[in-house]
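Q: Below are the chains, spelled out letter by letter.
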Amino acid sequence: MLNVTLKGLAAHKRRLFGTCLAVFLGIAFLSGTLVLGDTLRANFDTLFADANAGTDAIVRSASTIEADGGRGPDLDGRTLVPSALADRVRSVAGVAAAEPSIEGYGQLIGNDGKAIGGNGPPRLAGNWITDPELNPYKLVEGRAPQTTGEVVVNRGAAEAGKLRVGDTTIVQTPEPVPVTVVGIASFGTGDGFGEVTFTAFNLQGAEAHVTKKPGVASSIVVRAEPGVNEEVLAERVRPLAGDGNEVLTGTQFTAESTDQIGRDFLDIFTTFLTVFAGVALLVASFSIYNTFSILVAQRSRESALLRALGAARAQIVTSVVVEALLIGLVASVAGLLGGVAIAGLLKGLFDSFGFSLPAGGLAFQASTAVICMVVGMVVTLAAGVFPAVKASRVAPVAALREHAVEAVRASRLRAVAGAVLTALGVAVVLSAVLGGGDSVLAVAGLGAVLTMVGVVVFGPVVARPAAGVVGWPLLRLRGVTGALARQNAMRNPRRTSGTAAALMVGVGVVTLFTVFAASIRSSIDDTVSRSFGGDLVVNTGSFGGGGLSPALAPELAALPEVRTAVGLGQGVVQVDGDGKRITVADVANLGKVLDLEVQEGALERLGPTEMAVSSDEAEAQGWSIGSTAGIRFVDGATASFTVAAIYDVGDVAGDYVVSRAAWAPHAGQDVDSQVLIGLEQGVGLTAGKAAVTAVTAAAGGASVLDRKEYVASVAQGVDMMLGIVYVLLFLAIVIALMGIANTLSLAIHERTRELGLLRAVGQTRRQLRAMVRWESVIIALFGTVGGLGLGVFLGWALVQAASAEGFATFAAPTGQLAVVLVAGAVAGVLAGLGPARRAARLDVLQAIGTS
Amino acid sequence: MTSTTTSTGETTAIRVAARAVHATKIYGSESTEVRALDDVSVELPGGRFTAVMGPSGSGKSTLMHCVAGLDTLTSGQVFLGTLELGALSDKELTLVRREQVGFVFQAFNLLPTLTALENITLPLDLAGAKPDPDWLDTVVDTVGLRDRLSHRPSELSGGQQQRVAVARALASRPQIVFADEPTGNLDSRAGAEILAFMAAAVRDMGQTVAMVTHDPVAASYADAVVFLADGRVAGHLADPTPQTVLDSLKSLKG
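So the sequence lines, in the order shown, correspond to chains A and B.
If you're matching positions, the first sequence starts at 34 in the working numbering and goes up one per residue.
If you're matching positions, the second sequence starts at 23 in the working numbering and goes up one per residue.
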């Protein structure tokens, strides 16, 4: 029996290849995801371990404020410690070196006058730590900074900005500081910590420009003398640390840094990728299952013959199981290896979208191999066994008959089960979305899965009429070729729907994301364009990270073309113990360029201990005008603030607004993230923009956007995520298309004699190719239309569920969805090309041969 | 052009619907060489029903495939009317088959997805031509399928399916209809019906039919029989009866 299986496999290399390819792609993506995740984790680990290798202890303030950052990176702030602490620590027995370390914001400007740095990674400035073992950065060129105008920059930043030793440039901290680059440094062994840029002044320079306060530092880093254990060292330093400060060992600090990256970034990142690997695998499973179903059906006569000759049912099933196991094994191993290439491609993808990941060799762990092999084998086996068992139930004599091969009509049970599941799924989604409640998303998600399963089960029932409807125009446009293609697509609904289901899932997920993103965009568009009353905006990129000097807004306001210029800054404070992001603004003028739709109170008269809050936040906290809350600043100062205004629109300003007078005394570096500008009456947009650009160009080339550009830039992050999602889902779509190609190839094999007859009675090769291609297009369109329907519905549900949390209005982007539809048809043509070519190559005489 | 005496005794100029001239077809090469056709020259006269007979491996199917433009010769020539097929490309051959040749095969003659009527007009539809309604009516009535036109092949008996195939072969009013063992899969009654229809098409509608068969009874429906053996022409027989065909076959083997 094994012999029969092996000979069968060898005899059908092409279909074997097609099946293997589906498994291969699914597993390759999974493996690539796992490898990339492990690689990043390993790289971050070594990066921190290397960088902190010389640090045995660190003294810093225990007081820190962290806030979740809505659409931007998380902000956190830690109270500073006195630099003099370093001198006291140095006197402790066993301490070899102790130095103050300053870390803050500093945007480095490249040789081309543009700001250096991608989207997201911080741009840091600090002091050059003179003890080479304590300093995570190592000089690779030049020397350490000696005067306040000299800096060392990390190699990655130097390369990105084309800066060389001896060049002069600007660092915005955020005031522009003219500096000379005197050295270039590596971070551990790398060019830098990811895409983070680091500019190191000497200590006096860092105090002057970064902390702007002499005698304080972010932390004190300590190195032990040889032979002194870091635990012991930390114990000895602890009594000197002072009130409110803490001492960590080097190991603890490294672990904390790594954890933070893991928690904030790696986990989300790998989860995100795993979801897409899951989608790819799901689509691949459909293709594999479908291929096996056809193979088993085609072989049912062969199996029947074997059974008539005395083979037991179990032997027939075993034969398919062996085949599935072999395919699963080969394809999974290949996929595992292909995953390494995929990991490289994915990294390149994220780089090209501006999310740079640290470099380093690929980490291939045993767990990756185990997971991929198990998943690959199980999926292939499950896909193979089910049709095999089903086929083995057919009586041998029935299978031997000529027409037993094609079982066509969908069963009543399937129709009922499919309809009930779909209806149930839709009902669950609707009740979750319309009913509201705490776990809207979870319930709606369950409903979405139910709906999808229901649609897949129901597929064969609608495949026949649906293919008929989709193919109907062909009847008019393409004559008998179109009619034959349509009939072929309709003749085996179960197969058509199984083939289309893979594409349907892929397109469904694409549509879901497209609709969701479009909805977010449109609600951002709505609120921003409604609330923003100015003409121009100066900003530094949608992901923050950059900063503008608070001096810029007054400078711009002084321009004759400008009526109002209001800087918006961001900060974190503790409100009654919870970290919150706040917006800092010139409240007297804010209302002229940004309509927050103030419900109560007066925003423009906000005093130094007063704040404005969004109506959502006020409701959540149970505040009204006159309520008070305890505020703690990053520098440790506390104050009681009174709610003096409540506003409705928080899309630009967030939940808390305070005046600059309230914030500035407590901020180390007071940074604006954007400046909103209203032009004087009668000043044209072009003239106004030119005047503003002239000022900002000197300050590092922050972008100056008009209303439309600004609205687009706020939504830009959404577009970027959507771009990445598209590229990831592209793979799932490719797998689905190969499924179509595979099914068609097998169908053509099955219809050899029919094709021969057509050619004999006068069908040209061209007509034959067109017929196969059109069949492919009909199947692809059936899948695409189904996917679009499913995706729009689930997208709508997701938007509704999310709008319960108050941010999105549903919008179906008809243009983009039309593109998806056309792409589906084109993809159908592409999938049909190969099978069509093979079909046309058919030898007429052999095809009609009666043997 | 040749002169032949018709059954009515009149002498008329009869066109040649198809002919092979020194046709040779060799499969394989060197030691495995098989001469399926060895210098065969035959004429299939127009307006006549010709049967091609011979034992298995005599080359009768190969001859038909070559004359019909389904296969190519190793050497020699085949003509459909005055058109030499050897000079044509695959596309031109396809068009010749579509417009000038009708086919009836032993089995699997119809597309399962099309109705009987759609199957009948398939060659015309492929050519994008409109069927001549009067001719179509005549053909449909001759094969007696008027009430079965909207049925699919799976809903028809074997004999009915083969009648649809005959109607399809005639629908485009081809130069010649080739039938390859058309009764091979049918019981004798259905087979007799098919043969009668083909004979009627020749007699009443002026069509030309060439049929490959090894059944003497089937051959007796033809106006003339060409015998092949070992790839060569081995004899002719006019106005055959089952008995004269059997006798000729016996003398071939002897």
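Heads up, some of the hints might be wrong.
[Said to hold, decoys possible] Partner residues aside, some chain B positions facing chain A, computed with beta carbon under 10 Å:
| hint | residue |
| --- | --- |
| 1 | A109 |
| 2 | K113 |
| 3 | V118 |
| 4 | G124 |
| 5 | F125 |
| 6 | F130 |
| 7 | L133 |
| 8 | L146 |
| 9 | L178 |
| 10 | S179 |
Everything labelled a hint here was simulated from the structure, so no lab data went into it.
Where a beta carbon is used, it is the ideal one built from N, C-alpha and C, also for glycine.
Q: Against this structure, judge whether each hint is valid.
A: Now the hints, each set against the structure:
Interface restraint check for A109(B): the shortest CB-CB distance to chain A comes to about 18 Å, outside 10 Å, so the restraint is violated. Annotation: K113(B) was flagged as interfacial toward chain A, and the flag holds, the nearest CB pair being 6 Å apart, inside 10 Å. Given the 10 Å rule on beta carbons, the hint for V118(B) holds: about 9 Å separates it from the nearest Cβ of chain A. For G124(B), the suggested interface contact is upheld, since its CB lies about 8 Å from the closest CB of chain A, less than 10 Å.
Interface hint at F125(B): satisfied, since its Cβ lies 5 Å from the closest Cβ of chain A, which is below the 10 Å cut-off. For F130(B), the shortest C-beta to C-beta distance to chain A is roughly 5 Å, which falls under 10 Å, so the interface hint holds. A hinted interface residue such as L133(B) counts as satisfied when its beta carbon comes closer than 10 Å to some beta carbon of chain A; here the least separation is about 6 Å, so the hint holds. Because the closest C-beta pair between L146(B) and chain A is about 9 Å apart, less than 10 Å, the hint holds.
The criterion of a C-beta within 10 Å of any C-beta in chain A is not met by L178(B), whose closest approach is roughly 13 Å, and the hint is violated. The interface hint given for S179(B) is broken, as the beta carbon of that residue sits about 14 Å from the closest beta carbon of chain A, more than 10 Å.
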